[in-house]
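Under our numbering, the first residue of the sequence shown carries the number 463, and numbering increases by one thereafter.
To be clear, the hints were calculated from the coordinates, so they are not data collected in a lab. Bear in mind that the values here come from a model prediction, so they are computed numbers and not experimental data. Idealized CB from N, CA, C, for every residue including glycine. Treat the hints with caution; some may be incorrect.
If you anchor each label on the Cβ, the simulated ranges turn out as follows [unchecked claim]: (1) Met463 - Gly780: 28 to 34 Å; (2) His656 - Gly677: 46 to 52 Å; (3) Gly796 - Asn736: 20 to 26 Å; (4) Glu471 - Leu704: 25 to 31 Å; (5) Gln760 - Ala493: 16 to 22 Å.
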Amino acid sequence: MTRLHDLYEQAGQSPWVDNLKRSWLTGGHLAELIAEGVRGLTSNPTIMAKAIEEGDDYDEQFKESYRKHGNVIDAYWDLVVDDVEGALGAFRPLYDESGGGDGFVSIEVAPNLARDTAGTIEAARRLHERIDEPNVLVKIPATKEGLPAIEQMIAEGRSINVTLIFSIERYEEVIEAYLSGLERLVAEGGDPSHVASVASFFVSRVDTETDRRLGAVAEEREDAKRLLGKAAVAQARLAYELFARRFADERWQALAAKGARPQRPLWASTSTKNPEYPDLAYVDTLVGPSTVNTMPEQTIEAFLDHGQVGRSVDDFEGAHGVMAGLAEVGVDMGDVARTLEAEGVTSFEKSFDEVAERLEAKAAQLGER
463 MTRLHDLYEQ AGQSPWVDNL KRSWLTGGHL AELIAEGVRG LTSNPTIMAK AIEEGDDYDE
523 QFKESYRKHG NVIDAYWDLV VDDVEGALGA FRPLYDESGG GDGFVSIEVA PNLARDTAGT
583 IEAARRLHER IDEPNVLVKI PATKEGLPAI EQMIAEGRSI NVTLIFSIER YEEVIEAYLS
643 GLERLVAEGG DPSHVASVAS FFVSRVDTET DRRLGAVAEE REDAKRLLGK AAVAQARLAY
703 ELFARRFADE RWQALAAKGA RPQRPLWAST STKNPEYPDL AYVDTLVGPS TVNTMPEQTI
763 EAFLDHGQVG RSVDDFEGAH GVMAGLAEVG VDMGDVARTL EAEGVTSFEK SFDEVAERLE
823 AKAAQLGER
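Could you build the full structure based on these sequences and the hints that come with them?
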């Protein structure tokens, strides 16, 4: 038993890993992580781009896929889907053992669809149909345009990882999309017990942006200096407060009676970006039942070595105080969220475009053009 096992067994939090590469499947490393207590996996376009660009693990399949399709985008999706299907197989025993509670693997729709509702619906539906496995989660960004797509997918009985959540206000809209989708599913005679969802609330990036703004006034205001490094955990704790409230009310109880599962909060972006902060600043502070923490491998290794298992997510009074303090010194958290959402969408789009360019170059290098 490891600390990761204890995190789940004693505190009710599921540790997932935020990475995927072909060598993890062929070399057995993913199986080792599962044995150590990892209970699911997330990825994103940046992670997949990096995996494909490193080394030659994908060359043979890319060559075959490029010959088949005649373009790099379809070949890219062949590579990504094969990795995800391999990971789904590795996690399937855990999914079955947990009664569908864990063992999930996420794959994200193309990032250039983040502002396209109809395109997102079509892409998410296509991925679910292509990867016909019960433990797959299709990731949809929590943009304004993504919200109707999230509701539609849930109404169709499809499991969704809602990603790029940066504010309490948007998180509340995500919960609403999930509940409304489930109500439509039930009204049409569907079975909600087969639908899973997580709401991926990004954490460390909030401190990066908030600290930047606090730094502009910290020398003049001592109260601003004291707020450095506090916003991200505070906001995540308030998200958990909202989760606990919304998934206990009468509306939820009616859905739960039909077999619906709560949409768990998932703490994403939990590696520490500021070297002055503890390496587990966004892990030890956010332990609580019915949550997920998806960590890069370096953070998992740190947790295995010295992570804290005790419940720590419930300081709601302190979290409200931090938010009030941020408002008092002039930090607009709504604007922080809008900035981070725009940056997140742009970053994933850039990664997607860059991997397409590099695959074009690889096609030429391999003599396929």
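(Q) For a quick check of understanding: which of the numbered hints are violated here, in increasing order? (A) none
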